[in-house]
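Note that the protein sequences, when read in sequence, are chains B and S. Using the working numbering, read the first sequence as starting at 1 and increasing by one per residue. Using the working numbering, read the second sequence as starting at 1 and increasing by one per residue.
These are computed hints drawn from the structure, not numbers from a lab. Honestly, I wouldn't trust all of these hints.
[As the list claims (entries may be wrong)] As a list, the in silico BS3-like pairs of lysine-lysine whose alpha-carbon atoms are at most 27 angstroms apart:
#1 K248(B) to K200(S)
#2 K211(S) to K168(B)
#3 K103(B) to K168(B)
#4 K168(B) to K320(S)
#5 K103(B) to K266(B)
#6 K11(S) to K462(B)
#7 K269(S) to K209(S)
#8 K168(B) to K200(S)
#9 K462(B) to K173(S)
#10 K200(S) to K158(S)
#11 K269(S) to K158(S)
#12 K173(S) to K208(S)
#13 K266(B) to K242(B)
#14 K208(S) to K269(S)
#15 K11(S) to K99(B)
#16 K168(B) to K269(S)
#17 K13(B) to K242(B)
#18 K200(S) to K103(B)
#19 K173(S) to K209(S)
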Amino acid sequence: MGQVTGPWIIFRKTVQYLALAIFIALFVWSRQDGGPATLINIPMRLDPLLILAHLAASRTFLAGSTLALVVILLTVVFGRAWCGWLCPVGTILDIFSLKRWRKKRASPADGWRRVKFDLVIIIFAAALLGNLTLLFFDPLTLLLRTLTTSVWPALDRIVLSIETVLVKVPIFEGPLATFDNLFRPAILPVQPVFYRDGILFAAIFLGMILLDLLAERFWCRYLCPLGGALGWVSKLAIFRRKVGTECKGCTICTDICPTGTIDPAKNYASDPSECTMCMDCLEACPRNQTRFLPEFSAEKWTDYDPGRREALLAIGGTVLTLAILNSNGPAKRQSPFLIRPPGVRETNPDAVDFTKCTRCNECIRVCPTGGLQPAVFEAGLAALGSPILAPRLGYCDYSCNACGQVCPVQAIPPLNLEEKRVQVIGLAYINENRCIPWSDHQPCLVCEEMCPLPQKAIQLEKAEVWDPDGQTVSVQLPHVLREICIGCGICEYKCPVSGEAAIRVHMPKVDVPF
Amino acid sequence: MGKLTRRDFLKAAAAGAGAMTLSALLEACGKVLPTSAPLTNSEASSPGKPTKASLSHPTGAATEGLPSATDTSPAPTGTPVPIPDIAVTMGGEPEALVRQAVATLGGISAFVPSGANVVVKPNICVAYHTYEYAATTNPWVVGTLVKMCYEAGAASVKVMDHPFGGTGPEAYKISGIEEQVKAAGGEMVNMIQYHYVDTKIPDAVYLKKTKVYDDILNADVLINVPIAKNHDSSVLTLGMKNLMGAIWIRETLHNSLHQSIADLNSLLKPQLTVVDAVRIMTRGGPTGGNLSYVQQKDTVIASRDVVAADSLATSLFGMKPEDLDYIRIATSMGLGRSDLQNLNIQVMQLNA
Chain B
1 MGQVTGPWII FRKTVQYLAL AIFIALFVWS RQDGGPATLI NIPMRLDPLL
51 ILAHLAASRT FLAGSTLALV VILLTVVFGR AWCGWLCPVG TILDIFSLKR
101 WRKKRASPAD GWRRVKFDLV IIIFAAALLG NLTLLFFDPL TLLLRTLTTS
151 VWPALDRIVL SIETVLVKVP IFEGPLATFD NLFRPAILPV QPVFYRDGIL
201 FAAIFLGMIL LDLLAERFWC RYLCPLGGAL GWVSKLAIFR RKVGTECKGC
251 TICTDICPTG TIDPAKNYAS DPSECTMCMD CLEACPRNQT RFLPEFSAEK
301 WTDYDPGRRE ALLAIGGTVL TLAILNSNGP AKRQSPFLIR PPGVRETNPD
351 AVDFTKCTRC NECIRVCPTG GLQPAVFEAG LAALGSPILA PRLGYCDYSC
401 NACGQVCPVQ AIPPLNLEEK RVQVIGLAYI NENRCIPWSD HQPCLVCEEM
451 CPLPQKAIQL EKAEVWDPDG QTVSVQLPHV LREICIGCGI CEYKCPVSGE
501 AAIRVHMPKV DVPF
Chain S
1 MGKLTRRDFL KAAAAGAGAM TLSALLEACG KVLPTSAPLT NSEASSPGKP
51 TKASLSHPTG AATEGLPSAT DTSPAPTGTP VPIPDIAVTM GGEPEALVRQ
101 AVATLGGISA FVPSGANVVV KPNICVAYHT YEYAATTNPW VVGTLVKMCY
151 EAGAASVKVM DHPFGGTGPE AYKISGIEEQ VKAAGGEMVN MIQYHYVDTK
201 IPDAVYLKKT KVYDDILNAD VLINVPIAKN HDSSVLTLGM KNLMGAIWIR
251 ETLHNSLHQS IADLNSLLKP QLTVVDAVRI MTRGGPTGGN LSYVQQKDTV
301 IASRDVVAAD SLATSLFGMK PEDLDYIRIA TSMGLGRSDL QNLNIQVMQL
351 NA
């Protein structure tokens with residue numbers, strides 16, 4: 001609510017904008033040769049939903065995960081203050097509030113608040129069974145995915161269009177050169193990157209914002225699984241909202257509460273698992289009857305908190321859904337083009353579902369070529385949002401190991417450059433029907449030239465072939481030496497054949513499980 | 001800051017859309033850019049005078065592949081020293097090799113007028129290896145040239161290449177070139193898409209139109225600093241091939257690679273070519289990555305004529321100019337000379 005003001009509101013908004021600015025600054029700083037991973041990963045490691053779900057799925061404890069305790073402790077003391085004060089998605093929803101177009105009193109029934117709690121149950125039930133797919137809907141991964149795959153590439157394109165105009169005006173030459181040499185490498189992608197599903201991720205985030213038309217902070221009230229998890233912890237929160245005896249029932253607090261949890265029917269009490277501690281009611285109350293005071297007891301279960309039956313249903317549904325997912329195609333017969341980041345195949349027995357991946361998107365963000373992309377259907381539904389290499393869009397740079405260094409949960413192992421250079425992430429195969437020397441008998445050899453291996457995984461065979469006129473011509477035919485190919489994909493990326501490349505990287509050789 | 005009103009938003013949006021349209025229009029106008037003056041190597045060459053250097057083609061170790069060092073003594077005073085077509089320096093530190101080679105061609109001031117904007121174009125093709133692997137030009141060779149340009153009074157010296165493996169900034173750092181160029185006061189330019197200008201190549205046979213980097217087109221002086229190395233699709237990559245780094249799309253040219261190289265060299269005419277043969281890569285090129293592919297030659301070949309420099313550099317690999325299609329094509333297009341037997345080649349052994 002914009003109308004309410006006062007020292008608490010100014011304080012809260014300062015913290016909110018600062019936290020959002022830090023989140024975006026860390027996002028910008030996450031790049032190859034960017035900030036240290038320990039700093040870059042702070043937002044992800046603060047996220048208790050992501051960290052605890054990963055712990056349940058991987059059964060490995062990582063020292064950096066202890067940072068999540070900070071947010072859990074914060075919640076135990078102040079309730080869902082994360083949502084009201086720190087969460088970058090919450091702040092963005094506040095900034096892009098659609099209050100002006102929202103119909104009054106059109107909020108969905110309180111019963112829908114259970115969705116976020118059900119999501120928490122499902123996420124943890126699935127995590128215990130080794131599946132982290134629904135972390136796709138963790139607010140931080142959603143935001144990072146949107147920034148990486150749509151907002152930043154779009155920004156890059158806009159800056160590029162402006163520069164294309166300005167470069168023709170002589171007076172801008174100096175400033176442009178300064179921008180390109182000092183700021184561009186620090187802010188924008190070094191080379192243009194393309195994300196095939198960027199529009200989908202942008203639409204999901206736009207949908208989150210548009211839901212504000214139905215109710216303020218719709219996402220936080222009804223859907224956010226992190227909000228749900230913190231909401232349950234808030235049942236134990238020490239500081240709770242109390243309404244004084246001199247309340248005259250003016251309903252101002254009910255009207256302004258961004259999560260609509262102040263109930264006139266219950267003497268204007270609120271549910272600590274819904275309250276984001278935004279302090280709007282404190283500042284707005286004309287009689288100063290709103291206080292936040294310590295209390296040491298657990299808050300009662302509400303109507304919309306899932307009961308035993310509902311929880312069992314959610315768990316049962318999760319087990320059944322996972323059973324169906326695991327019995328379908330991709331689980332056994334993986335896509336021939338399923339290429340995971342370097343080292344993943346060696347360290348994940350289940351590289352298809354990629355169960356250790358929290359979908360946080362950091363690896364995709366730091367990949368300098370834009371080759372790593374969030375999967376949608378390519379690896380099966382269970383692998384939604386996990387990183388796959390799309391060599392036609394970008395290759396695995398021979399001098400880069402950024403993805404493993406940045407991964408906050410070591411789902412991509414933190415290999416040094418020498419170790420990373422020998423990881424076999426795929427194998428290249430030549431399509432002789434499309435290859436220029438093979439089918440057109442013209443010289444090409446780009447793939448051989450690009451191959452980064454010192455011993456060259458592509459070798460040339462000098463051959464005499466017949467052209468369509470029956471003349472003998474001599475050509476050099478490329479062959480892939482698959483015993484040394486590492487599947488980096490630069491050959492596929494650079495192949496000059498239009499459309500589908502004449503050399504494609506397939507999945508590496510794996511032990512067939514059937 | 002005040003609230004963004006609808007009017008403000010529409011204004012901003014209209015301005016943005018206008019800018020994009022304008023950009024498209026300007027693009028369509030096709031900015032015509034002047035190219036550098038054509039090569040005038042006739043004044044420097046002395047045709048007919050046979051070189052004292054013998055052109056043997058052994059394949060052995062250091063310095064064997066080149067003409068033997070002979071003419072190091074200064075000419076008698078009183079008679080003007082003829083400026084050779086090609087200056088070769090051998091056996092010394094990179095800086096001394098470069099300085100002596102350029103001095104023999106008349107000194108850096110003969111190429112770089114005071115106040116000139118200079119582009120130095122090394123070969124920084126990948127971000128994979130340090131300079132020891134000889135995939136990228138020797139950093140001290142590049143740094144020395146930048147220093148010399150400033151000594152001659154250059155207004156600016158920009159150094160750039162467009163790597164195909166890894167990003168520009170990464171390659172600049174790993175190759176060691178960035179450090180030496182910055183130490184010399186030069187500027188490393190990160191080559192960005194919008195700087196490439198559609199350019200017609202009037203004398204071209206195949207590559208009649210391509211996108212060329214504007215700084216390279218507009219430079220007062222272009223200094224070409226290739227490394228001499230093996231390259232599987234063009235046999236060797238030397239000075240002419242190095243200029244492929246100035247254009248946007250390269251992969252689709254490979255079925256007419258040699259003609260395209262020659263065509264591009266009819267457009268871009270470096271005033272000075274300095275072939276870095278301090279360390280050369282004899283196989284596994286252009287990327288390399290194995291020190292056994294590298295031979296230390298401690299040699300620099302400098303010429304006003306890129307074709308002549310390349311022609312002589314072939315002997316480092318035990319080859320002849322005719323072995324490279326692009327040299328043959330460029331010679332027949334009149335872009336330079338490859339008749340080594342008729343060229344004045346001065347070879348200097350520094351640490352004799």
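How the hints compare with the structure:
For the hint pairing K248(B) with K200(S), the CA-to-CA distance comes to about 82 angstroms; that exceeds 27 angstroms, so the pair is violated. This hinted pair checks out: K211(S) and K168(B) have alpha carbons roughly 16 angstroms apart, not beyond 27 angstroms. For a cut-off of 27 angstroms, the pair hint linking K103(B) to K168(B) is broken: about 49 angstroms separates their Cα positions. Under the criterion of a C-alpha separation no larger than 27 angstroms, the hint pairing K168(B) with K320(S) is inconsistent with the structure, at around 45 angstroms.
Between the alpha carbons of K103(B) and K266(B) the distance comes to roughly 24 angstroms, so the proposed pair stays at or under 27 angstroms and holds. Annotation: proposed proximity of K11(S) to K462(B) is violated, straight-line Cα distance about 63 angstroms (limit 27 angstroms). The hinted pair formed by K269(S) and K209(S) meets the criterion: a straight-line CA distance of about 16 angstroms does not exceed 27 angstroms. The suggested pairing of K168(B) with K200(S) holds, with an alpha-carbon distance near 18 angstroms, which does not exceed 27 angstroms.
Note on K462(B) and K173(S): the hinted pairing is violated, with a Cα-Cα distance of about 37 angstroms set against a maximum of 27 angstroms. A C-alpha spacing of about 24 angstroms is found between K200(S) and K158(S), which places the hinted pair at or below 27 angstroms, so the restraint holds. For the given pair, K269(S) sits about 17 angstroms from K158(S) by alpha-carbon distance, which is consistent with the 27 angstroms threshold. Pair hint K173(S) plus K208(S) does not hold up; C-alpha atoms about 34 angstroms apart against a cutoff of 27 angstroms.
Note on K266(B) and K242(B): the hinted pairing holds, with a Cα-Cα distance of about 12 angstroms set against a maximum of 27 angstroms. Restraint check for K208(S) and K269(S): satisfied, since their Cα atoms lie roughly 16 angstroms apart, inside the 27 angstroms limit. The suggested pairing of K11(S) with K99(B) holds, with an alpha-carbon distance near 24 angstroms, which does not exceed 27 angstroms. Under the criterion of a C-alpha separation no larger than 27 angstroms, the hint pairing K168(B) with K269(S) is consistent with the structure, at around 24 angstroms.
Distance hint between K13(B) and K242(B) is fulfilled; the C-alpha atoms sit about 23 angstroms from each other, no more than 27 angstroms. Restraint check for K200(S) and K103(B): not satisfied, since their Cα atoms lie roughly 61 angstroms apart, outside the 27 angstroms limit. Note on K173(S) and K209(S): the hinted pairing is violated, with a Cα-Cα distance of about 32 angstroms set against a maximum of 27 angstroms.
Violated hints for the displayed structure, listed by number in ascending order: 1, 3, 4, 6, 9, 12, 18, 19.
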